[in-house]
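Trainee: Spelled out from the first residue to the last, the chains are:
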Amino acid sequence: MTTAISIQNLAKTYANGFEALKGITLEVEQGDFFALLGPNGAGKSTTIGVISTLVNKTAGSVEVFGKSVESHVYQTKLDFGVVPQEVNFSLFEKVGDIVMTQAGYYGLPRNLAAERCEKYLRKLGLWEKRNERSRSLSGGMKRRLMIARALVHEPRLLILDEPTAGVDIELRRSMWEFLTEINNNGTTIILTTHYLEEAEQLCRNIAIIDEGKIVENTSMRKLLNELDSQVYILETTSQISPGFDLNLNNASLEIVDEHCFEVTVSGGLSVNDVFAVFSEAGIEIDSMRNKTNRLEQLFLSKLESND
Amino acid sequence: MFSNHKYIAFETIVLREIRRFGRIWLQTLVPPAITIGLYFVIFGNLVGKRIGEMGGFQYMEFIVPGLIMMAVIQNSYSNVVSSFFSHKFQHSVEELLVAPVPNYVILCGFIVGGMARGLAVGTIVTFISMLFADLEIQNLFITVTVVLLTSIVFALAGFINALFANSFDDISIIPTFVLTPLIYLGGVFYSVELLPPFWKFVSALNPIFYMVNTFRYGILGSSDVDIRWAFFILCVFIVLLFTSCILLLRKGTGLRS
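Chains A and B, in that order, give the protein sequences. So the first sequence is residues 1 to 307, counted in my numbering. So the second sequence is residues 1 to 257, counted in my numbering.
To be clear, the hints were calculated from the coordinates, so they are not data collected in a lab. Virtual Cβ for every residue (Gly too), placed ideally from N, Cα, C. Some hints could be false.
[As the list claims (entries may be wrong)] With beta-carbon atoms standing in for the labels, derived distance ranges: (1) B:103 with A:213: 29 to 39 Å; (2) B:170 with A:30: 12 to 22 Å; (3) A:264 with B:169: 51 to 61 Å; (4) A:11 with B:35: 47 to 57 Å; (5) B:42 with A:17: 52 to 62 Å; (6) B:31 with A:133: 16 to 26 Å; (7) A:154 with B:24: 26 to 36 Å; (8) A:3 with B:170: 37 to 47 Å; (9) B:247 with A:11: 22 to 32 Å; (10) A:154 with B:35: 44 to 54 Å; (11) B:251 with A:184: 40 to 50 Å; (12) A:229 with B:169: 50 to 60 Å.
Extracted from the complex, chain A is given alone in its bound form:
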């Protein structure tokens, strides 16, 4: 399989002496939906900055589809689109003009640019806003505009730096659907996000970066398999007596109130074993859900082990 992006021993030390990247090595395969996770200041945006040539690296190399971003600067730039974390278009320009201008920078003839502009503004629900000044858009619309702008030259690789930050849940889910669709159509996607649920839902592979170092680089499935315990919140129709206990190895119970409790299951114990105990005690379960995002637990444990 072709490698979409290959980062070797990438290091970046800023002028003030801050070491943002300490020799990271990372590969993303073509067609992947890849998550780059890390706390604030971990080096995610610096990594994206170096790939997109907005940040000068101190050492190491970056290749996009087998070509160096330094020696094949114009060819590699054609292959990727970047959606930055902060809004970076002119707030005085019209929505349509912003996308058309970007198409022009990529050398698209005007008729093709207009076609693509309509295609992506429609897909992202901004076509009706095309003649409005961009400053009048809501936060979510501004983020969608940056995605439309990044896609207008139809890159093979799309890099998104926290694309759904500050976006409401409904809009976030519609953006997930859109990103999944373009990934299914062959676009490789690299995503940095603070929403761990987002990474778990969308991405097949994941790297965790902390203090400028990669502390984990694996598939999402393998990473989640590392979890040895899960916490469920169960709600019951009948009342729970204060002294009730599961009396099971590898399972513990904490009563939240008389109709709600938390069960922690570990060591390969099946949820069915827990349900069997409730059934014997005559407690009817009304609903069950995961207490915490599973990836969040892992993420925190990886960061702790890096300290």
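Following the hints, complete the assembly by docking chain B onto the known chain A.
Mentor: This is chain B only, laid out in the frame that chain A set:
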């Protein structure tokens, strides 16, 4: 990429610049026209009548070329410095930097954008001057060439200012404390022949003095300087400034961390 992609990128930058200053014409095109119109009324018409002749011409005729050139210089410079710094300030310059646009295309796009505004204001001022003086251009080639080259020089200078600027104060310091004094001391309102030898020598160090006088030569047929020398100076400035801009862009000064 498409065969003529560089031209499309260049055209996109130029049209974006023209759209920008066209959109805010009340700030970009009208004020210089009013200011220079007032110069014509006050200095040319009211004061000028008492002065009589300057350099062998009616005072109004004498100041017209200088005032047109002043409009071209100030507007070529300020268009590039304000536009490029705004792109930096809003981070929209990143749109350009992540795109496959060579540095020289970026630079040429902004230069032509600056020239477009400089020449637009210069044209407006020329029309206004016709209300006060009968202009008969003596040498069209020299007139057009010198105004184009001057516009390029100051668009390039504005670009360098924008690269180094970190705040809006930084983009007004050079025009206020360097450009305006150089223009006023560049022979716009007087002939250098009136000056004592020391100040004549100082004027000879001012590049704007050569630009104004060459433009005056093109329109009136008379100049305080050797126009061959003036063209040489203009070309040297263009080469030096263009090379500096390209090197700064390549290094990422003010743009890349």
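Trainee: Does each hint hold? Answer for all of them.
Mentor: Hint check results:
1. B:103 with A:213: 29 to 39 Å: For residue 103 of chain B and residue 213 of chain A the Cβ distance comes to about 34 Å; the hint holds.
2. B:170 with A:30: 12 to 22 Å: violated, 44 Å
3. A:264 with B:169: 51 to 61 Å: With a Cβ separation near 60 Å, residue 264 of chain A and residue 169 of chain B satisfy 51 to 61 Å, so the hint holds.
4. A:11 with B:35: 47 to 57 Å: With a Cβ separation near 53 Å, residue 11 of chain A and residue 35 of chain B satisfy 47 to 57 Å, so the hint holds.
5. B:42 with A:17: 52 to 62 Å: Roughly 57 Å apart at Cβ, these two residues keep to the hinted range, so it holds.
6. B:31 with A:133: 16 to 26 Å: Distance hint for residue 31 of chain B, residue 133 of chain A holds at roughly 23 Å.
7. A:154 with B:24: 26 to 36 Å: holds, 33 Å
8. A:3 with B:170: 37 to 47 Å: 43 Å Cβ-Cβ, so the 37 to 47 Å window holds.
9. B:247 with A:11: 22 to 32 Å: holds, 25 Å
10. A:154 with B:35: 44 to 54 Å: holds, 48 Å
11. B:251 with A:184: 40 to 50 Å: holds, 41 Å
12. A:229 with B:169: 50 to 60 Å: holds, 58 Å
Comparing the model with each numbered hint stated earlier shows that hint 2 is the single one that does not hold.
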